[in-house]
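Participant: Chains as they are written, first to last, in the numbering used here: chain V, 129 to 218; chain A, 2 to 133.
Where hints are given, some of them may not hold.
Unchecked claim - Derived Cβ-Cβ restraints for the label pairs, each shown as a range:
hint, chain 1, residue 1, chain 2, residue 2, range
1, V, Phe-183, A, Val-18, 17 to 25 Å
2, V, Ser-134, A, Asp-33, 46 to 54 Å
3, A, Val-104, V, Lys-147, 16 to 24 Å
Unchecked claim - Listing some non-contacts, in silico: residues in chain A with all C-beta distances to chain V over 12 Å:
hint, residue
4, Asn-22
5, Ser-26
6, Pro-27
7, Thr-28
8, Glu-31
9, Leu-37
10, Leu-38
11, Arg-39
12, Asp-45
13, His-58
14, Thr-68
15, Gln-74
16, Asp-105
17, Glu-117
Just so you know, the hints here were simulated from the structure itself, not pulled from any lab data.
Yeah, the Cβ is synthetic: ideal placement off N, Cα and C, and Gly gets one too.
What follows is each chain in one-letter form.
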Amino acid sequence: MAVTVSIPTILRTHTGGEKTVEAKGSTVAEVIDDLEARHGGIAGRLVKDGALHRFVNIYVDDEDVRFAGGLEAPVGENSTVTILPAVAGG
Amino acid sequence: MRCCRRTEGSDRPERFVPMLNAARSPTFYEFDSGDLLRLYREMDARGEVPVVIYHSHTATEAYPSRTDIGLAQEPDAHYVLVSTRDDAEPNQTGHDLRSFRIVDGEVTEEQVEVVETYMFAHTGADDVPDNG
């Protein structure tokens, strides 16, 4: 089951410049594992100490996975996973 | 804290998008994650990317803070800082305003030139669009 993953500018160095890639998995964690297998190094930009990075947002379709189970959030068939770095500072 | 956009391939801000500070703090800003998704979807549909991301420092200088540097994740954006602190000294912009690129934790300042409009900024003629 392939899902489409939208890759932000800052992570496109891992995907050969591609804005969208395909990955497999039925949870966010599985999708990230599959992304890592195809695009080495990307997982470390998304996950820190076993949890989603505080300043990277991951969405399944329209939902921020932080409010939907985090790494265990389900990813349905034909879902779109969007990765967006937080815009933050101070 | 605001965000501007450009048409992909150009480096010129063409649309101004004000954003709310979801952190509701005078010393930290963050966009609401839902707002962020809607904005990036809209930008994608319009072929836009962020070109200027600006915010103010109310008590410190117009230079990226350690937090700004650590969290900067748009390598192609111009990060514009304006200081509104009491003793801020205006520069050539009329404000204490500076612009930076922030890539992999490295800060590079860039020159800021104030223009009346982009249309006539560099051609020297008042009826010839500047496409540069």
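Participant: For each hint, tell me whether it holds in the structure or not.
Facilitator: Hint check results:
{"no.": "1", "hint": "V:Phe-183 to A:Val-18: 17 to 25 Å", "result": "holds, 20 Å"}
{"no.": "2", "hint": "V:Ser-134 to A:Asp-33: 46 to 54 Å", "result": "violated, 19 Å"}
{"no.": "3", "hint": "A:Val-104 to V:Lys-147: 16 to 24 Å", "result": "holds, 19 Å"}
{"no.": "4", "hint": "Asn-22", "result": "violated, 9 Å"}
{"no.": "5", "hint": "Ser-26", "result": "violated, 7 Å"}
{"no.": "6", "hint": "Pro-27", "result": "violated, 9 Å"}
{"no.": "7", "hint": "Thr-28", "result": "violated, 5 Å"}
{"no.": "8", "hint": "Glu-31", "result": "violated, 4 Å"}
{"no.": "9", "hint": "Leu-37", "result": "violated, 6 Å"}
{"no.": "10", "hint": "Leu-38", "result": "violated, 5 Å"}
{"no.": "11", "hint": "Arg-39", "result": "violated, 9 Å"}
{"no.": "12", "hint": "Asp-45", "result": "violated, 8 Å"}
{"no.": "13", "hint": "His-58", "result": "violated, 9 Å"}
{"no.": "14", "hint": "Thr-68", "result": "violated, 4 Å"}
{"no.": "15", "hint": "Gln-74", "result": "violated, 3 Å"}
{"no.": "16", "hint": "Asp-105", "result": "violated, 9 Å"}
{"no.": "17", "hint": "Glu-117", "result": "holds, 29 Å"}
Checked against the numbered hints given earlier, this structure breaks hints 2, 4, 5, 6, 7, 8, 9, 10, 11, 12, 13, 14, 15 and 16; the rest are met.
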